[in-house]
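A.B. asks: Residues per chain are reported as follows:
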Amino acid sequence: MEPSLSELLLPGLKLMIIGMAIVYLFLALLVWIIGVTARLVGTMSPAPIQHTKRSSLEVEKEEAELVAVIAAAVECQSRSLN
Amino acid sequence: MEPSLSELLLPGLKLMIIGMAIVYLFLALLVWIIGVTARLVGTMSPAPIQHTKRSSLEVEKEEAELVAVIAAAVECQSRSLN
Amino acid sequence: MEPSLSELLLPGLKLMIIGMAIVYLFLALLVWIIGVTARLVGTMSPAPIQHTKRSSLEVEKEEAELVAVIAAAVECQSRSLN
Amino acid sequence: MDGLIQLWASTGLSNFQADQAVMMAVGFGLLYLAIKKEFEPLLLLPIGFGAVLSNIPMAGIAEEGGLLSYLYLGIKSGIFPLLIFMGVGAMTDFGPMLANPKTLLLGAAAQFGIFGTLFGALALNLIPGMNFTFKDAAAIAIIGGADGPTSIYVASKLAPELLGAIAVAAYSYMALVPLIQPPIMRALTTEEERLIEMAQLRHVSRLEKIIFPGILLILTAMLLPSAAPLIGMFCLGNLIRECGVVDRLSKTAQNEMINVVTIFLGLAVGSKLSADQFLRTETLGILVLGALAFSFGTASGVLMAKLMNVISPENKVNPLIGAAGVSAVPMSARVANKVGQESNPHNFLLMHAMGPNVAGVIGSAVAAGVLLALVQ
Amino acid sequence: MDGLIQLWASTGLSNFQADQAVMMAVGFGLLYLAIKKEFEPLLLLPIGFGAVLSNIPMAGIAEEGGLLSYLYLGIKSGIFPLLIFMGVGAMTDFGPMLANPKTLLLGAAAQFGIFGTLFGALALNLIPGMNFTFKDAAAIAIIGGADGPTSIYVASKLAPELLGAIAVAAYSYMALVPLIQPPIMRALTTEEERLIEMAQLRHVSRLEKIIFPGILLILTAMLLPSAAPLIGMFCLGNLIRECGVVDRLSKTAQNEMINVVTIFLGLAVGSKLSADQFLRTETLGILVLGALAFSFGTASGVLMAKLMNVISPENKVNPLIGAAGVSAVPMSARVANKVGQESNPHNFLLMHAMGPNVAGVIGSAVAAGVLLALVQ
Amino acid sequence: MDGLIQLWASTGLSNFQADQAVMMAVGFGLLYLAIKKEFEPLLLLPIGFGAVLSNIPMAGIAEEGGLLSYLYLGIKSGIFPLLIFMGVGAMTDFGPMLANPKTLLLGAAAQFGIFGTLFGALALNLIPGMNFTFKDAAAIAIIGGADGPTSIYVASKLAPELLGAIAVAAYSYMALVPLIQPPIMRALTTEEERLIEMAQLRHVSRLEKIIFPGILLILTAMLLPSAAPLIGMFCLGNLIRECGVVDRLSKTAQNEMINVVTIFLGLAVGSKLSADQFLRTETLGILVLGALAFSFGTASGVLMAKLMNVISPENKVNPLIGAAGVSAVPMSARVANKVGQESNPHNFLLMHAMGPNVAGVIGSAVAAGVLLALVQ
Ligand code: NA
Ligand code: NA
Ligand code: NA
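Chains as they are written, first to last, in my numbering: chain A, 9 to 90; chain B, 9 to 90; chain C, 9 to 90; chain D, 50 to 425; chain E, 50 to 425; chain F, 50 to 425.
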């Protein structure tokens, strides 16, 4: 005996509703927690007073370059994996 | 019947003595063999009279730097894998 | 009862003849198909009309550079892995 | 002559069956799409090649003891998709999402592509020749997640015999995102909406980025353990990336490791493209449903963005970035940016769209967890 | 409603047990130490993450058929620790040790940390709640070798149920070397001793470096075959490094290969951090014994150096480099250098300390061989 | 005292058997050839080291449960040789062969090295002490293909107990190509022939290079499915290289992946160099036959080139490049170039010799397919 169509479609509808509800609840909860975290982190470490003259983009670019160079240098040397 | 404490401790003491003895003997033997090898190698290949202008070390270091720079450059590109 | 020598050698001879025949046929077929493909590809994409102006000297110089680079690369890596 | 006859009997020509030839053609078709059309070539090239290899008659490359049968163990055990997911985690920057967390809701909305398709697949049973069980329907629906490793992971658990078709559909439609999404996005938005410029994203501190994978993992552990393998490995990759103290691991996870696993995964997926599993009416259904799934997901994302603008009109979201909620990172974010620039070339939506884009990855992993928990 | 009940029954929340929560906290604690305190992050980060993953209720990531159960096969078979050891061999320069071979004796002395701890572990059975078999004691003692892969290899053979605690203790104490060693080093040496400057190291030819792994392997094969897997793979790595004709293999062994295996090994070790194996009185004993082991090893190394100075006073050794004999490469060599520079900032002991440092690796592999041969 | 006796009983010294010592010496001999003579060091170094490791008494590294027994599974299943072949495909440029396709016939002719040797191996049964079955003979003959992974793949299928000797012979003779080939090449050619300059190679379009692996695969699928695993993986590697859209996969296949597999493959091959399988009269026969195979192949290639010049005298081929048909890429192409320059230093044959060289790889894979199909 195969399940009839309504026997298949009804659970499908139920799963659709439950599934979307869970996805929304899960991500909404995450939205809330991220907000709380951001505030906590902001409270604990007061915003650094930087970015005075140079745009953050410039700094980021430079940092990326620096990171690449350092990474290469570090990679070549000291491999303290034990 | 669990083994009594002295039944456990006595073998432990024995293992400690035997173990340290073997480690010492093994490494002492190695000290001796390394010495013999160093003398044999020194006998067979008289000290090379090279390093005239730039030591090979310098060259190697430069090459390593070049490789590091190239590696970093190559690394920086193309990461479009989903 | 081990197989007698002629029982071994005869199939060996047969395999040799069949094998060489197949290898030749296979690769000869490949020769033909490569030729056909090259013509088809050439037909579909007409030969690009380039290399018009640059002197053969320039080309030679570029090739020399290329050779130098390839030689360096080959020496550095020596990929004789087979 | 015996040798020749034996050899002829062992050739492919004398053993070719029509359906194997068709499947090899399908494999070459995928190679064409991968190379010429650049349809997700990193995956579709190995998949296509695997399809060709596994349909060579007499060679038995995909059969017990053949190379592809060993590689398939990496999918069956879940190892390959999870390692890919770890590598993707190591490539993902959650910064734009953390800067504007409400874009997570766009990633949630787009998962309607999954659940709507599940319902659609069940409804397809009305058509004669289509015969999808509940598990099949769930496995097909995950195509709507627009996420390759998630699709493969779920399909390998729920409907391994559909794995080939599902993976091909998932990656093909991901490649087709620039064709599928724009008409839907234009149809559902007004010119003014498409012109909305969004506030510049706030700076996200390194600490927030380090903490986030931990939070996500805890939430998953508490609420949806069935999603924990997927989300866990994703979080591991992301933590390795962001923590800053294990850069050599991060580099390897993003490059050599994911490259090797990609080749193996693709070949193994291709080995499931056999005639008896692919040349069926159901495959057509899967292809149709996959296109629907992407369309549903795109529409839901856009409509959710419009709803959010109604609810909180003071801080408007450009609804085009809702379409990026389907994931398909980073293709759909680029599409959102491009459609936006058709209206205003100086409106850069890319970074804003990356938020829903990576949120879509989380969303589809959550949806996968729901399916794995409730469908057996 | 059925679906909701089924889903609730499948959540982590409804299934969380207190001890799993504790173990997840332990896992996050390790992540904190790895990231914030930079405690051997390459290993402790994957170990900590593995601990979190394997204690998620209902997810079964560490159970039969879960990802971590497959990865654990790499430890059970010995493959992962041996490959790591090969990579470490490819990273090791025996030059300083070959230049001054008597520093090998310092590496030998420091192994008292192992055997003293073995005795201590057996003695701990006096305390109620502690219950260590001979095998357990041997597996715990190897922590004193201050060498991660050796500890994991031995523990997986002798006491797999203690593997998690042993690996965590080994890597944690290796990270704590800068805190544990200096007080002991200062207490056991006089200011004059700490001021000893050592003669510059002689040049070691390439040929000597190529021959050395062969010699070490032959000696091991003849005298202590039970150490041959460990020392053999270490020698292979070192030969690949020094021979100069297979640099591409050396590069891969030092980078991508060891990185991938490190991730897998760490996750698999973490999968052994389950509540029933870790939340026991014995774990406390292991942590205490581990600290003692490092202290014993440090003291023995320093005292041995002082003894050597008594025996051959014409060619004095700075006793601080004796502490580097515990291995923990290159951390303990750096500590020796730093403590030496407290007395004389111009006394560079680093290279001199690298000799006993790498000798300590050999020493603890030899000690591991003794334990594997004599303890069954 | 018990402990000491137990320990002595566990040492290698008390258990050494003469033949194990001999095999360890063989292993060190291979290491010497690899490092000092640079005989194919990438393979012979791991093979030699594997031979040493697996003959350490009592250590059981190559026995059930030992590291090398696990690695050997990668050969037994065919995975390792096939992955190496894929990497070799990713390193191969078919350009010179496509530019002058008739050089394929030189690659075909050189395979006489294989089939002639097969006959020779059977004939060797005349000598007392030699006892080769038909399968053994086929496995030995493949040495004449001058292709490492093909030899290992075929030997693992047809005569696993000869695998060690066959792999060692194959790689050793490949390293000896600069010694074996030139005298034969000089003996079979006249000075005028060696002076032949060849027309510059035509430009080969990217499209031709992309299409070629597909054509080769289809032909194999239709005519010789038993060669499909080998040729298929070779074509996959080559397609990844040439298609231009998956460069990151190509890079990994050519580097890290092939490096890791090379280490594992070499060690696993070395584990088959056990005394009872290697110290037999048959091994001598294999070494003799291997040398003959290379000589036959070289001669056939040169003679075929001369025949082609007779048939089509208007477009002459320098017969020296026929010797490159044995494969042994790129060594034999370099030898052809060097011998040619002895006659005319301005005659650059290298690129022309690369055609038959890579054709030889295809030719020996085809020959391997014939053997696998017809010998069981
Ligand atoms: Na998604
Ligand atoms: Na040590
Ligand atoms: Na060949």
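In short, the hints are calculated from the structure, not lab data.
This one's a predicted model, so the numbers in the text were calculated from it and none came from an experiment.
Cβ coordinates follow ideal geometry from the N, Cα and C atoms, glycine included.
Be aware that a few hints might be false.
Unchecked claim - Pairs of lysine-lysine residues, derived as DSBU-like cross-links and limited to a Cα-Cα distance of at most 35 Å, are as follows:
1) E:K125 / D:K206
2) E:K151 / D:K125
3) F:K125 / E:K206
4) E:K300 / F:K151
5) B:K22 / E:K184
6) E:K85 / D:K151
7) E:K125 / B:K22
8) F:K125 / E:K151
9) D:K125 / D:K387
10) E:K206 / E:K184
11) F:K355 / D:K86
12) F:K85 / C:K22
13) F:K258 / E:K300
Said to hold, decoys possible - Taking CB as the label site, the calculated pair distances span:
14) E:E363 / B:G50: 17 to 25 Å
15) B:V49 / F:Q66: 24 to 32 Å
16) D:D68 / E:G78: 36 to 44 Å
17) E:L244 / B:L21: 48 to 56 Å
18) D:N393 / A:E15: 46 to 54 Å
19) F:G78 / D:G293: 32 to 40 Å
A.B. asks: Work down the list of hints and note, for each, if the structure agrees.
C.D. replies: Here's how the hints hold up against the structure:
1. Of the pairs offered as hints, the one joining E:K125 and D:K206 holds, with about 26 Å between alpha carbons and a cut-off of 35 Å not exceeded.
2. A distance of roughly 54 Å separates the Cα atoms of E:K151 and D:K125; the hinted pair therefore is violated under the 35 Å criterion.
3. Distance hint between F:K125 and E:K206 is fulfilled; the C-alpha atoms sit about 26 Å from each other, no more than 35 Å.
4. Between the alpha carbons of E:K300 and F:K151 the distance comes to roughly 40 Å, so the proposed pair goes past 35 Å and is violated.
5. Between B:K22 and E:K184, the direct Cα distance comes to roughly 15 Å. Compliance with the 35 Å bound is thereby established for this hinted pair.
6. Under the criterion of a C-alpha separation no larger than 35 Å, the hint pairing E:K85 with D:K151 is consistent with the structure, at around 29 Å.
7. Between E:K125 and B:K22 the CA atoms are separated by roughly 29 Å; this keeps the pair inside 35 Å, and the hint holds.
8. Note on F:K125 and E:K151: the hinted pairing is violated, with a Cα-Cα distance of about 46 Å set against a maximum of 35 Å.
9. Distance restraint check for D:K125 and D:K387: the Cα-Cα separation of roughly 39 Å exceeds the 35 Å cut-off, and the hinted pair is therefore not satisfied.
10. Of the supplied pair hints, the one linking E:K206 and E:K184 holds, its CA atoms being roughly 9 Å apart against a limit of 35 Å.
11. Between the alpha carbons of F:K355 and D:K86 the distance comes to roughly 46 Å, so the proposed pair goes past 35 Å and is violated.
12. Proposed proximity of F:K85 and C:K22 is contradicted: the alpha carbons are some 43 Å apart, above 35 Å.
13. Between F:K258 and E:K300, the direct Cα distance comes to roughly 31 Å. Compliance with the 35 Å bound is thereby established for this hinted pair.
14. The hint said 17 to 25 Å for the Cβ distance between E:E363 and B:G50, and at roughly 22 Å that hint holds.
15. Checked against the hint of 24 to 32 Å, the pair B:V49 and F:Q66 passes, with Cβ atoms roughly 31 Å apart.
16. For D:D68 paired with E:G78, a C-beta distance near 57 Å fails the hint of 36 to 44 Å.
17. In this structure the hint that E:L244 and B:L21 lie 48 to 56 Å apart at CB is violated, the actual value being about 38 Å.
18. Checked against the given bound of 46 to 54 Å, the beta carbons of D:N393 and A:E15, roughly 51 Å apart, stay inside it.
19. Between F:G78 and D:G293 the beta carbons are some 48 Å apart, a value that contradicts the proposed interval 32 to 40 Å.
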